[in-house]
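Here is how the chains run, residue by residue.
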Amino acid sequence: MTSDINTKPAAPLLDRADTRVRHDAGISGAIRGFLDRVRSGDLGSLPVVVGLAIIWTVFQSLNPVFLSSNNLVNLLFDSSTVGVIALGIVCILMVGEIDLSVGSVSGFASAMVGVLWVNAGWPVGVAILAALAVGAIFGLLYAALFNRLGMPSFVSTLAGLLAVLGLQLYVLGSSGSINLPYGSAVVNLGQTLVMPHAVAYALAAIAGIAVLVSGLRTAARRRAAGLTPQSMAGLVARALILTVVLEIVIFYLNGDRGVPWMFGLFVGLVVAMDYALTRTKWGRSMTAVGGNREAARRSGINVRFIYMSAFALCSTLAALGGVMSAARLASASQQAGTGDVNLNAIAAAVIGGTSLFGGRGNAYSALLGIIVIQSIASGLTLLDLSSSLRYMITGGVLAVAVIVDSLARRSRVSHGRA
Amino acid sequence: MTNTSPAMTPAGETVLSLRGICKQFGAVSALTDIDLDVHAGEVVALVGDNGAGKSTLVKVLAGVHQATSGTMTFGGKPVALTGPNDALALGIATVFQDLALCENLDVVANIFLGKELQPLALDEVTMEIRAWTLLNELSARIPSVREPIASLSGGQRQTVAIARSLLLEPKLIMLDEPTAALGVAQTAEVLNLIERVRDRGLGVIMISHNMEDVRAVADRIVVLRLGRNNGVFYPDTSNQELVSAITGAADNAVSRRSGRRQAERELTTEERA
Ligand SMILES: Nc1ncnc2c1ncn2[C@@H]1O[C@H](COP(=O)(O)OP(=O)(O)O)[C@@H](O)[C@H]1O
Ligand SMILES: [Mg+2]
Numbered sequence: 001m002t003s004d005i006n007t008k009p010a011a012p013l014l015d016r017a018d019t020r021v022r023h024d025a026g027i028s029g030a031i032r033g034f035l036d037r038v039r040s041g042d043l044g045s046l047p048v049v050v051g052l053a054i055i056w057t058v059f060q061s062l063n064p065v066f067l068s069s070n071n072l073v074n075l076l077f078d079s080s081t082v083g084v085i086a087l088g089i090v091c092i093l094m095v096g097e098i099d100l101s102v103g104s105v106s107g108f109a110s111a112m113v114g115v116l117w118v119n120a121g122w123p124v125g126v127a128i129l130a131a132l133a134v135g136a137i138f139g140l141l142y143a144a145l146f147n148r149l150g151m152p153s154f155v156s157t158l159a160g161l162l163a164v165l166g167l168q169l170y171v172l173g174s175s176g177s178i179n180l181p182y183g184s185a186v187v188n189l190g191q192t193l194v195m196p197h198a199v200a201y202a203l204a205a206i207a208g209i210a211v212l213v214s215g216l217r218t219a220a221r222r223r224a225a226g227l228t229p230q231s232m233a234g235l236v237a238r239a240l241i242l243t244v245v246l247e248i249v250i251f252y253l254n255g256d257r258g259v260p261w262m263f264g265l266f267v268g269l270v271v272a273m274d275y276a277l278t279r280t281k282w283g284r285s286m287t288a289v290g291g292n293r294e295a296a297r298r299s300g301i302n303v304r305f306i307y308m309s310a311f312a313l314c315s316t317l318a319a320l321g322g323v324m325s326a327a328r329l330a331s332a333s334q335q336a337g338t339g340d341v342n343l344n345a346i347a348a349a350v351i352g353g354t355s356l357f358g359g360r361g362n363a364y365s366a367l368l369g370i371i372v373i374q375s376i377a378s379g380l381t382l383l384d385l386s387s388s389l390r391y392m393i394t395g396g397v398l399a400v401a402v403i404v405d406s407l408a409r410r411s412r413v414s415h416g417r418a
Numbered sequence: 419m420t421n422t423s424p425a426m427t428p429a430g431e432t433v434l435s436l437r438g439i440c441k442q443f444g445a446v447s448a449l450t451d452i453d454l455d456v457h458a459g460e461v462v463a464l465v466g467d468n469g470a471g472k473s474t475l476v477k478v479l480a481g482v483h484q485a486t487s488g489t490m491t492f493g494g495k496p497v498a499l500t501g502p503n504d505a506l507a508l509g510i511a512t513v514f515q516d517l518a519l520c521e522n523l524d525v526v527a528n529i530f531l532g533k534e535l536q537p538l539a540l541d542e543v544t545m546e547i548r549a550w551t552l553l554n555e556l557s558a559r560i561p562s563v564r565e566p567i568a569s570l571s572g573g574q575r576q577t578v579a580i581a582r583s584l585l586l587e588p589k590l591i592m593l594d595e596p597t598a599a600l601g602v603a604q605t606a607e608v609l610n611l612i613e614r615v616r617d618r619g620l621g622v623i624m625i626s627h628n629m630e631d632v633r634a635v636a637d638r639i640v641v642l643r644l645g646r647n648n649g650v651f652y653p654d655t656s657n658q659e660l661v662s663a664i665t666g667a668a669d670n671a672v673s674r675r676s677g678r679r680q681a682e683r684e685l686t687t688e689e690r691a
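Top to bottom, those sequences are chains S and R.
By our numbering, the letter at position 74 of the first sequence is numbered 74, and the numbering carries on one by one without gaps.
By our numbering, the letter at position 22 of the second sequence is numbered 440, and the numbering carries on one by one without gaps.
Hints listed in this document are in silico derivations from the structure and should not be mistaken for laboratory results.
Beta carbons: idealized from backbone N, C-alpha and C, even for Gly.
Do not take every clue at face value.
Said to hold, decoys possible - If you want the footprint, here are the derived chain R segments under chain S, 3+ residues with CB under 8 Å:
no. : segment
1   : 499 to 506
2   : 527 to 541
Claimed, not checked - Below, computed lysine to any residue pairings styled on SDA-like, alpha-carbon distance capped at 25 Å:
no. : chain 1 : residue 1 : chain 2 : residue 2
3   : S       : K281      : R       : Q536
4   : R       : K533      : S       : L235
5   : R       : K589      : R       : T500
6   : S       : K281      : R       : L538
7   : R       : K533      : S       : R222
8   : R       : K533      : S       : R37
9   : S       : K281      : R       : A539
Chain R on its own, in the form it takes in the complex (with noise of 0.2 Å):
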């Protein structure tokens, strides 16, 4: 790992900009005063315990929720989206949690919706092609494109609903849990593919409860916890650091149970000795 330290500043300019995002959902505040930079060509992780608000603040930022109060900023200018089409329309691509893939429709289908090519008499080979591209971008193992998604494993429903975003060439691209349902080697090639987008100078925001994924790939570490900031990190920060900020408590079941191991590990040193 190189040595990262907080005074290292990504090298791109700022694409997107959140300033004191509140989203309630009646009473529930799922969001408080969030603030939050993505620069170009940067990954940042997005890490918080489950019911944070980490899947609130990428659909607010998809255009499907909208926030409360708060503003955003995106590639300079001041944004209000209304719905998913300005998102989209602004280069912002989202991976959801749930996917949200039509099950009735095949790959080829799902990947261009809303998006198709020759509106009145659709291109399908065309589209067909592109797919594949994608697919095999991602080393996707899909036994056909144009079966129904009803018939891919869990695995190959989260590779497609990547393809689809990475379709558009956004500038920004989140992913929520993109490797939740991944084998180790199609998690890995989707880091590989984080690194790739973010090489070609896309910013990233990436969800994940894997914390060494998110060592391996990201630039920054933004904490949510009860829907607030609780901290900015770098790949560099201890485990027991980025634990206790999620959690909210040095002394938590993690850095107990780690605690535990490590003092086992040093009684059996001991006792070689």
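Chain S extracted, bound-state conformation (with noise of 0.2 Å):
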């Protein structure tokens, strides 16, 4: 509160005139806020949060290991490659489609790095680019003829799917695997690249600093306005529990080689991805024709538009989370892509928070969403648990998600938050 505690408010802020309404300052207030909506069915990231807690004390009292800063390291890495394609995954999922070709993308994706850069002699960066526009030109394809056909995704991408796994077969030929360069930068970065440890204490540093100052100049410039600032008190919590947590993680993950400059790149993407998603038109626009379509196009919003970026960012991402899992591997073979991918991708999404029925999630929940996927795997593979048991676990996760999306939604609707 400021000085002028013996001036009464003359007038009320702009938005606190409504007296009904209670309205919750300072830490406490945030708690019992966050509990309000919780109840509503508006969980956010929390369902996630619990099934990580638990799936890491599960693990770790069955194999010591799990835990270790090795276990964890290798863990980033693995993530950073689906997680990616989650993150596109993410994008199509807010207007409300999907794309169940995302695994034969990344495969086709990384397939052409090989054939390109390895077999043709490309330079290792064209090869790169000439994947992603393949994989944004499969996203095209699909939003023309989502926009000027009306073929549901859930069609053209099946058909995507297998088609695309075909082209995969087609230009790897009879060798059916091409083996990358080993020490080539592009492998490097999947397999052994790591932040110098005191840049990763230095970019956690940055983050709680970032948080804390758009925070106060947000605060600063409602103040201004006559609008109600954030708590002071909640937002330097926020920044402050942010930086130490991710400091101490830094330094477990020190304990052994570090953080992986390829999960760098994850987490640089999902950040832009959450800017592009909340503080842009375009993010705006996505939501709101998840939300409501004919709504959007009558605020005049370029609907085919948005449809389309959806559709094209989503098979960029895939196609560049092939490749990274092409360096990851580095190889790349028939298999690239096929088996769990797909649903990986979307369950991460899913899990995250994300919800399969358009208009609510946030880039975050792929993060989330793949480190719980990876989680499991990882565990399971610790335990020489064979994959049956694997895809099984990770059906019945993905089953669980998306209960708890369509219950979180049915709540929703019962308490006015849709």
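Take the two lone chains and join them into the complex the hints point to.
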């Protein structure tokens, strides 16, 4: 509070005129608001954080190697590739559509890099750009089928799943597998490159400072404009908790190799996507189209362009994920992108809290979700369980996530938060 | 009520002029040969029974539907609306009957949907202030503009939809049953608003089933019946005349009912005498 305790507030703040509403202030208020939201079905990241705690406890008690720095660093390497694909899925789910071909597109992209770079001798950067461009073209194709012919994305991308897998097998030809050169920058990125310890600490500190500074600036602007500013204590607490938690995690990871650059790339993409979805007109339009397509159209939003950007972004990120997984495995093979890649990417987005019903989700759900999925995979591998069991358990977790999503949605509807 | 006569033409120039507008949905002719003029500083009430085509006409003017045939002149120039964006760009704002709000977005986001300030770094503070200003102008009772629309009542949603239509300083504003979900005070507030908007020189098209509201603010009353023009009236027209234009018959349930009540009243006065 400011020093004008003696002077009676002349007029209530612009947004505090309605006396029926309880306005939560300070940290206790923030906690109360959070509990209210959870009770009404606005769960946010809560289920995934609880789920992760349970998963980690169980696996750690079964095998003490699970939470070792070494295993966690590997987990981050592995998370980055499918995580980037899941980020694309978040995009497409925001507008209420789906892309079932992300696995095939990622596999095809890795095959393209192998063929163009290793076999044809193109510069690696050009080969990667070509793979991304082809990924974008697949997305544009789905968008055209959707916008022009009204073909449900479920069907067009299911057709794409098979067709693109066929393309992947075709370009790989009889060899079936291309090894990427060890020691090249791309393979190093996928297998060994980690941030210098100081850089990792600094990045975590910068994240905290960025939260604090942008929060303070918004609060100052709101106060100047006569709106209730965010609680100062809450803001400082949030920035502090974020920084401390990140620094501890990094300290722990630095006990082994450190934070992979590839994971840094993934997190960078997540942060950029979060900004695009929440702070730009494009992101607002994505949410609007996912929530009520006709209302968005009547507001003058170019709905077709929004669908097109969502499909194209999803496929491009799938291609990027494919390139990253080729780097991780140092090879482009017929198996790349097949198996559980598709489902893991979709499961990650949904487990992280992005709704299958459109109009609700955030970029961070890809990050949280893929860590859950990868933890399960890593834990089961450590226990020497076969992939049959891994598939069943991942499938079960996805089912639980979708049930939570559906129940939360029902609760939101009855609490007026749909 | 002032004595308005058919000879009294509105002062402003013609904002909108429709000639022979037809709209077909497959086999259904929702609109046939509709003519309509709206002048600056004039409130035109569009009345008609359910299914008369009022909402369809509004949607054609909003660019949501494309007319099957007919011409439209806006601000003296012939125009063809290919989509909602064209209508918004011309300065035609619409409050749709179904409101067309995104339930998953908050009030500010809905008011500014498609017209956000600073597309690459949304200016939330300025948008929020403008939203509060618009809502206060409507004497809205909205607890928080940062709650999703889903948490608002029907009346509050209607107010948000009206506030949104005022955002861009339109030249013509169309309100499709804007007071249907509103309470007494809010209805009066919206009617006041319509008058204020008219006094600023905007053209207003208002659809309502409430003849009292229509008479209170309309300068002209255009009746649609089964998708066709069925007469233009003025606020001094008797209720019976309006009702028979709307229903298409002199002898109808409404006039029989009011006739019966009239007779009862006369009976009681005779008894007293
Ligand atoms: N999208 C549509 N498709 C087919 N028919 C429609 C559509 N919209 C309206 N109609 C038909 O047009 C007629 C007029 O409807 P409407 O304009 O909503 O009437 P109202 O005057 O009650 O607003 C109705 O017969 C309705 O069935
Ligand atoms: Mg209607």
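Quick rundown of the hints versus the structure:
1. 499 to 506: holds (count 4)
2. 527 to 541: holds (count 9)
3. K281(S) - Q536(R): Answer holds: K281(S) to Q536(R) is near 8 Å, not above 25 Å.
4. K533(R) - L235(S): violated (30 Å)
5. K589(R) - T500(R): holds (19 Å)
6. K281(S) - L538(R): Since the Cα atoms of K281(S) and L538(R) sit roughly 7 Å apart, the hinted pair holds (cutoff 25 Å).
7. K533(R) - R222(S): Since the Cα atoms of K533(R) and R222(S) sit roughly 21 Å apart, the hinted pair holds (cutoff 25 Å).
8. K533(R) - R37(S): Roughly 29 Å separates the two Cα atoms, so the pair is violated.
9. K281(S) - A539(R): holds (8 Å)
Checked against the numbered hints above, the structure breaks hints 4, 8 and satisfies the rest.
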